[in-house]
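Colleague: Each chain, letter by letter, is given below.
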Amino acid sequence: MHGRIRTWGPGALVLLPTVLLLGYFVYGLIAWTFNTSLTDKHNARPVPTNHVGFENYVNLFGEERFLNSLKNLGVLTVAFIVGTLIFGLLWALLLEKGVPGEGIFRSVFLFPMAVSMIASGVVWGWLLNPSQGDDARGLNRLFSILHLNFLENPWWTAGSRWTTMASIALPAVWQLSGYIMALFLAGFRGIPPELREAARVDGASEFKLYRYVLFPQLSPIALSALIILGHMSLKLFDLIYAITGPNQFRTEVPSVYMWNTLLRSDMAKAAAIAIVLLAVVAVLVIPYVAYTVRQESEE
Amino acid sequence: MSVVEASQATGKAAAAVSNKPRRNAVSDGSTRTSRTVRYILLLLFLLFVLTPVYVVLITSFKTSQDTTAAAQWSLPETWTLEPWRKAWDVLQPYMVRSLTLAVPAAIIASLIGSANGFVLARWRFPGANLVFAFILFGMFIPYQAVMLPLRQTYQELDVTRGIPTLLITHVIYGIPICTLIFRNYYATVVPMEIIESARVDGAGLIQTYARIILPISISGFVVTLIWQFTSVWNDFLFALFLTQQNNGPVTLGLAALSGGQKVDYAASMAGALITSFPTLLVYIVLGRWFIGGLMAGALKG
Numbered sequence: 124m125h126g127r128i129r130t131w132g133p134g135a136l137v138l139l140p141t142v143l144l145l146g147y148f149v150y151g152l153i154a155w156t157f158n159t160s161l162t163d164k165h166n167a168r169p170v171p172t173n174h175v176g177f178e179n180y181v182n183l184f185g186e187e188r189f190l191n192s193l194k195n196l197g198v199l200t201v202a203f204i205v206g207t208l209i210f211g212l213l214w215a216l217l218l219e220k221g222v223p224g225e226g227i228f229r230s231v232f233l234f235p236m237a238v239s240m241i242a243s244g245v246v247w248g249w250l251l252n253p254s255q256g257d258d259a260r261g262l263n264r265l266f267s268i269l270h271l272n273f274l275e276n277p278w279w280t281a282g283s284r285w286t287t288m289a290s291i292a293l294p295a296v297w298q299l300s301g302y303i304m305a306l307f308l309a310g311f312r313g314i315p316p317e318l319r320e321a322a323r324v325d326g327a328s329e330f331k332l333y334r335y336v337l338f339p340q341l342s343p344i345a346l347s348a349l350i351i352l353g354h355m356s357l358k359l360f361d362l363i364y365a366i367t368g369p370n371q372f373r374t375e376v377p378s379v380y381m382w383n384t385l386l387r388s389d390m391a392k393a394a395a396i397a398i399v400l401l402a403v404v405a406v407l408v409i410p411y412v413a414y415t416v417r418q419e420s421e422e
Numbered sequence: 338m339s340v341v342e343a344s345q346a347t348g349k350a351a352a353a354v355s356n357k358p359r360r361n362a363v364s365d366g367s368t369r370t371s372r373t374v375r376y377i378l379l380l381l382f383l384l385f386v387l388t389p390v391y392v393v394l395i396t397s398f399k400t401s402q403d404t405t406a407a408a409q410w411s412l413p414e415t416w417t418l419e420p421w422r423k424a425w426d427v428l429q430p431y432m433v434r435s436l437t438l439a440v441p442a443a444i445i446a447s448l449i450g451s452a453n454g455f456v457l458a459r460w461r462f463p464g465a466n467l468v469f470a471f472i473l474f475g476m477f478i479p480y481q482a483v484m485l486p487l488r489q490t491y492q493e494l495d496v497t498r499g500i501p502t503l504l505i506t507h508v509i510y511g512i513p514i515c516t517l518i519f520r521n522y523y524a525t526v527v528p529m530e531i532i533e534s535a536r537v538d539g540a541g542l543i544q545t546y547a548r549i550i551l552p553i554s555i556s557g558f559v560v561t562l563i564w565q566f567t568s569v570w571n572d573f574l575f576a577l578f579l580t581q582q583n584n585g586p587v588t589l590g591l592a593a594l595s596g597g598q599k600v601d602y603a604a605s606m607a608g609a610l611i612t613s614f615p616t617l618l619v620y621i622v623l624g625r626w627f628i629g630g631l632m633a634g635a636l637k638g
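Keeping their order, the protein sequence lines are chains A and P.
Each residue of the first sequence is one higher than the one before, counting from 124 in our numbering.
Each residue of the second sequence is one higher than the one before, counting from 338 in our numbering.
Keep in mind the hints are simulated off the structure, nothing from the lab.
Check before you lean on any hint, since a few could be wrong.
Partial chain A-side listing against chain P, Cβ under 7 Å, derived [stated by the list, open to error]:
| hint | residue |
| --- | --- |
| 1 | Glu178 |
| 2 | Ala237 |
| 3 | Gly256 |
| 4 | Asp258 |
| 5 | Arg260 |
Note that the Cβ used here is the ideal one computed from N, Cα and C, for glycine as well.
Let the sequences and hints guide you as you build the complete structure.
Modeller: Encoded structure:
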């Protein structure tokens with residue numbers, strides 16, 4: 124036993140600081156936030172607070188503004204995921220067999236990923252200018268130059284929830300499609316060439332080759348992509364902050380609403396919004412983490 | 338693909354993406370017409386991705402009279418560096434602060450991640466899997482869930498919020514992803530036999546780490562350093578919560594330059610370019626490794 128501790132001990136010791144740090148800064152602080160969300164701390168005054176149970180949550184889910192932010196988030200997430208997956212997969216398919224200048228295409232498609240969402244939001248906020256006709260700026264002006272006037276639209280400033288949130292999703296799609304392309308491209312290149320050969324020898328058409336041989340091989344990557352994109356979309360904040368400003372009911376999502384609530388020093392409510400957000404992310408991520416770790420233990 | 342498989346594939350995938358496709362795939366199955374169609378489509382998508390770049394670039398060289406609606410997509414009448422000068426004047430202190438933030442934050446988190454990753458991959462102890470799950474989950478939490486008490490903690494510790502607190506924060510929340518990247522890196526590149534024979538020879542953990550592991554860790558470090566540098570440089574949320582305008586990093590500077598009532602568009606476009614320059618440089622110079630970082634970051638997002 125003593126010998127075992129001598130071999131294991133140092134390893135456990137190396138991890139100890141990390142465990143303590145994350146224990147406090149991740150798990151401890153989440154518990155703290157949760158605890159705050161159960162109180163009536165609704166202003167900055169340092170008065171003693173009371174526990175009010177789940178009152179803040181009940182209020183949130185009865186509040187039009189919060190439900191609006193959840194609906195916005197749902198629409199944004201769908202638009203963002205569908206758009207990014209379509210572009211990413213399409214680009215990977217176009218590049219997969221190799222074309223002259225492949226490196227250039229790959230690099231250009233990927234580069235927006237290096238840019239911060241704030242910088243991209245500043246630029247796209249300007250491109251998504253709502254003015255139309257003679258006053259048109261941004262993309263609307265480009266459409267009118269190209270005689271595509273029917274494409275001119277008020278972007279996020281008017282119209283349905285779908286057009287509004289899809290306008291917000293557009294820059295995000297621009298930023299992340301290249302990333303998804305890289306994931307899928309790596310997937311295609313990782314498929315053993317023998318598989319294609321075998322399918323061709325068996326007389327499979329190109330369509331059947333993709334449908335029955337290649338795509339099934341990519342489904343694990345598609346799942347990863349889905350988790351990554353979903354999880355990014357749920358937390359999206361910077362882009363909205365930069366494009367529309369933080370205080371826009373039309374484009375408000377829970378992360379932005381939390382910020383606005385915090386500006387009014389309503390700590391309990393902000394904490395409750397944060398916990399709802401965490402819960403949504405956890406529903407997505409916990410099965411994924413559990414699956415991963417179980418797989419590890421089996422090894 | 339699980340999180341772990343995904344990042345084990347990191348190196349291979351990055352190589353696969355940067356490698357030429359297999360030749361046999363090019364020669365058969367696709368006619369010349371379909372290749373031409375593919376090429377035209379690719380060029381159209383290239384235009385789509387580059388359009389914002391074009392307009393940002395030309396605008397950043399325009400005088401304010403030149404940024405009228407009608408002239409928005411045309412080249413500048415007169416080229417000027419004035420917007421760049423203006424943006425630089427505002428952003429320069431922010432740039433310095435971001436550099437003093439992102440470089441050490443990336444290095445420290447990578448070092449801790451490397452030591453953790455080595456233990457979790459090659460110097461395991463009972464319960465290591467539980468610890469691994471514990472760390473892994475930390476990677477995915479939305480920062481909104483910790484932000485409020487984090488600010489209070491710093492307040493109670495009576496430290497001024499600014500670059501130092503932001504640095505500590507980025508190191509702490511960067512540890513999970515760095516640990517994961519290194520854990521999978523060591524699990525794939527370091528054969529267990531080497532570790533065992535070192536143990537038989539009586540080498541302890543520190544000796545093994547310093548003599549065997551560190552020297553072969555360079556590519557792992559390049560990936561975590563790039564990943565951390567880019568995500569710290571581009572972070573806005575922590576910056577907004579934990580610093581003020583006058584002592585914040587570059588994302589706050591850009592938001593300030595481009596917000597407000599009367600926005601100087603030319604200067605804010607120049608500002609967007611200036612603040613993106615360091616990460617773009619990393620992308621251009623270390624492109625292949627950058628992809629590796631992205632693949633590893635597939636896990637965090």
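Colleague: Is the hint on arginine 260/A kept, meaning its closest Cβ partner in chain P is under 7 Å away?
Modeller: holds (5 Å)
Colleague: Does the nearest C-beta of chain P fall within a distance shorter than 7 Å of the C-beta of glycine 256/A?
Modeller: violated (10 Å)
Colleague: Does alanine 237/A meet its interface restraint, that is, does its C-beta lie within less than 7 Å of any C-beta in chain P?
Modeller: holds (4 Å)
Colleague: Would you check whether glutamate 178/A satisfies its interface hint, that is, whether its CB is within less than 7 Å of any CB in chain P?
Modeller: Given a least distance of 18 Å, the restraint on glutamate 178/A is violated.
Colleague: Are aspartate 258/A and chain P close enough, Cβ to Cβ, to be under 7 Å, as the hint says?
Modeller: holds (6 Å)
The structure fails to meet hints 1, 3 from the earlier list, while all remaining hints are met.
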